[in-house]
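Chains E and R, in that order, give the protein sequences. Read in order, the letters of the first sequence are residues 1 to 417 in this note's numbering. Read in order, the letters of the second sequence are residues 1 to 417 in this note's numbering.
Please keep in mind that the hints were generated in silico from the structure rather than gathered at the bench. Just so you know, nobody snuck in bad clues.
Given that identical chains are not distinguished, each listed pair holds provided it fits within a single copy or across any two copies.
Straight-line alpha carbon distances no greater than 20 Å define the calculated EDC-like cross-link-like pairs of lysine to aspartate or glutamate that follow:
1) Lys-344 / Asp-310
2) Lys-90 / Asp-144
3) Lys-344 / Glu-315
4) Lys-345 / Glu-315
5) Lys-204 / Glu-75
6) Lys-180 / Glu-235
7) Lys-345 / Asp-310
8) Lys-180 / Glu-13
9) Lys-3 / Asp-47
10) Lys-204 / Glu-246
11) Lys-204 / Glu-13
12) Lys-180 / Asp-234
13) Lys-3 / Glu-13
14) Lys-251 / Asp-195
15) Lys-204 / Asp-76
16) Lys-271 / Asp-293
17) Lys-180 / Glu-232
18) Lys-180 / Glu-255
Protein chains: 2
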Amino acid sequence: MGKTAEIIAIGSELLTPQRLDTNSLTITEQLNLLGVDVVGKHIIGDDRNLLTDAIRAAMNRSAIVILSGGLGPTEDDVTRDAAAAALGRKLVLSLEQESVLINRFRQINRPMAANNLRQAYVIEGAEVMPNPNGTAPGQFLFTDRGVLALLPGPPRELRPMLIDELIPRLRPVLPVQVIKVRTFRITGIGESDLDTLIAPVYTKYQNPATTVLSAPGDLFVHLRAVAPTEKEADELLREVGNPIAELVGAKIYSEDPEESLDAVVARLLRKSHATVATAESASGGLVAARLTDLGGSSSYFVAGYVTYTDQQKIEMLGVSPSLIQKNTAVSQPVAAAMAEGARKKSGATYAISVTGYAGPSGGTEYDPVGTVFIGLAGPEGTRVVRYRYGVGRDRVRALAVQHSLDLLRRTLLRIEN
Amino acid sequence: MGKTAEIIAIGSELLTPQRLDTNSLTITEQLNLLGVDVVGKHIIGDDRNLLTDAIRAAMNRSAIVILSGGLGPTEDDVTRDAAAAALGRKLVLSLEQESVLINRFRQINRPMAANNLRQAYVIEGAEVMPNPNGTAPGQFLFTDRGVLALLPGPPRELRPMLIDELIPRLRPVLPVQVIKVRTFRITGIGESDLDTLIAPVYTKYQNPATTVLSAPGDLFVHLRAVAPTEKEADELLREVGNPIAELVGAKIYSEDPEESLDAVVARLLRKSHATVATAESASGGLVAARLTDLGGSSSYFVAGYVTYTDQQKIEMLGVSPSLIQKNTAVSQPVAAAMAEGARKKSGATYAISVTGYAGPSGGTEYDPVGTVFIGLAGPEGTRVVRYRYGVGRDRVRALAVQHSLDLLRRTLLRIEN
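Using the sequences and the hints, build the whole thing.
So this is what it looks like as C-alpha cells:
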C-alpha cells in the first residue's frame, strides 16, 4: 500500500472566519510517526454532493483517506451518506451499534430521539471503531486502493479513537519503519540569527527533516528522522543534532518538547531548594503569572510586586527616590535596586526585576521604546542586562518575560553571560 | 457570476503537525462581507501535479478560486506553473514586472539572484496585483466560469493585497448586497446557559446568521445579516439583536468586537478618574498583567501584590494572622482583607483580590479545588464573590481573571449583583 494520505474535515462551521480545523494537526502527527506523508487537507461544508466528490477524488490520489466530523445524528451530518456514495456501497443498520446507542441513552437516563438511529448505520464492509467519549462511532474500511476512515469531529472524541483504534489498524498494513524526533527549545537568540547559525548543518540533510518554529523569545528546532530501525534513526538524529547542540550551546534550555522555560526554571529552583520573587514594571505581573503557572508553585514562588509608578517602586520595594530622580525609573541602577528590594522584602533566594518602555509611547533619546532592563538579585550578587526590543507592546512584554526567566535559569546553572 | 468560492493554500510546511493555514480566515472574512460563501478550503504541498488537479477541480465547482502561497522565487514555488497548466494557458515574462523586481533589489542594495526572475512571469491574460510588502506580485484573471486569483503566502503581504487589490476587483462582478454584523461580548455566564437563554430568539432566523464562540469567561455572539440595502440589514440586526441584548442584559460588556474586557475596564476607570490595585494569590499576577496590557495603563493601574504565601498576605497586605488561621487563606474574610489591604497600601481607588484553589491539588471538603473568592474594595465598601470553577488549573485562573475584571466593571457601572 502507498504511503500518502489526505485528510478531509467536514462541517460548515469550519468554513467561517472564526474557526480552523485543528484535528488535522493531530492526525498528521500520528500519520507522520508511521512514516505516512499528508499530501493534501480539505475542509468541506455540510454538503453531501461536494463531499462525495471530494472523498472520491482523494481516494483516487491517496492510499489513506481520513474523514473527520459530520457523524452526528442530524440532517446536517452527511459524512456517512457521502462516503457510502463515493464508494458505491450501501449504508446498513448495525444491530450491535443500535443496542450500543440504546444502552448509552439508558445510562444517561435520557430519551433517545429517533434521528439518533442514524448513528447506527455503517457502510457495507466497514468495521466499527467504538467511541467511548460520544455517541458517534467511527468506521474503518479497505477500499480498492487503500483505506478509508471516518472519525468524529470533537477533538476529545477524535484523538482517543485515532490513537486507540485507527493507528493500530493502519500500522500492520504499512511498511515497517521508525520515525524518531529530537527537539531543541531555545531562547536568547533571534530566529534569523539561529537559522544563520545552524542552517549550514541541517540543510545538508533531507533526513532528518529540520523545522524551525518561533514565538517571541521562544524557538523550537525539530529534527525528524525516518529509518528502517530505531538504531539508524537515532544515529541520524545524533549526526545532525549533536553539531546543532554544540553550536547553540546553553541557549538550548530543554530537549523536552513539552517543557516550557518556566517549567525548567521551576525544576532548577526545586533542585537547589531556592525561592524567587518578582518586581515588575513593564511586564506588569506577567513574570509572576508564568512562575505560578504550574501546580505546586507555592514551593518556590514567594511574592510578586507590580510597581507601575515611581512611588510604588519607592514604597513597595524601598528604591531610593534620588536614585530614580538621577537615573529615571528605566535604568540599570533602578533595575538593580528593584531586584534587591524585592529580595530583601520577600526573603526569597532570588528576585527578578523588569523595568522598561513597553510602548507605544515613552522612552528617551538614549533609551527608546523597547528598551528593557532585566535585573536578578541573588546570593551571588546582582546582575542587570539591557535589551533593545524595538516596537510592539505585546512583543516587548513577551520577550522581557522569556529573558527574565532565562536570566534566572542561567544563574541557577551558573552559566556565565 | 455565482457566489461560491474555494480557497487553496499552497506549501508543504502547511502539511506538518505544527502549522495551520490562517490566511483562509482573512480571505473568508472578506469574501463573506461581499456575500460570497466559501464552500471548500484545501491545503496542498509544493507538488505541481497535485496542485494543478486541485485548481482545475475547484474551478469546475466554484466561480471564485483564490490561491495563497507558492509564489516565491525557488523551485518549490509551483503555484504559477500549476495555475497556468490548470487553465491551459502559458506563462509569459512581464517586462514591467521584471523592472519592478530589478528596482526593488536596487533599492535594498542587494544583488538579484537569477531565480528571482521567475517572479516576473504571469499567466496569459492575467492582471498583475502589485505587492508593496514583498517581491512576489499577485495575479487576477477571468476564466470561462469565473475568477482566479493568486496571492502571496506571508500574511503581511497577503492581507493588504487582498483588501487593496483583490476585493475591489471582485466587488463590481458580484450582485449588489450589503452585509452587516453585530457582535455582543459577554461574561459572567456559561456557554450552554447563554445558548439556552438566546437560542429561542436566534434559531427562528436564518438571516441574520448567529454564531456563538467561547473562551473561558469570554463569550461572543455574532449576528451577520445579508440584505439588498444597508437599511434592511440594520433592520434584521435590530429584530434579532435587540431581544438578545434584553435577555443577556448587563452581562454584555461590549458591542465592539475588538474591545476586550480589560479595555472596557480601562475606559471606565479613566472616565471616573479612578485607579486600581491588585492583590493576587491563585491568579499569580494575571489580573495585573491584564490591567497593564494596554499602553498608558500607568494612568489607572497603581500597584500589584502577588501574595502566594500566608506570610506574604500578612506582610505585604497587612492581613491579620488570626484571620487566616481562623478562616484559611481561601475564604471570604481573607479575600476582603486582601482587597482592603491592597487598597490601603497603594492608595488606589479600587483594589481587586483573588484567592482560591487553582489546583491540581489543594482544597478542602467545603471548598474543593476550583473554589475562588474574588474581592473588590472601593469607596462604596467591600464585596466578595465565591466561584466554584471545577478542575483545570489554566481554566480556573482564566475564569478568575475575567470575573475579577467584571466585578470591577459592574461596580464602576453601579450594576447591582
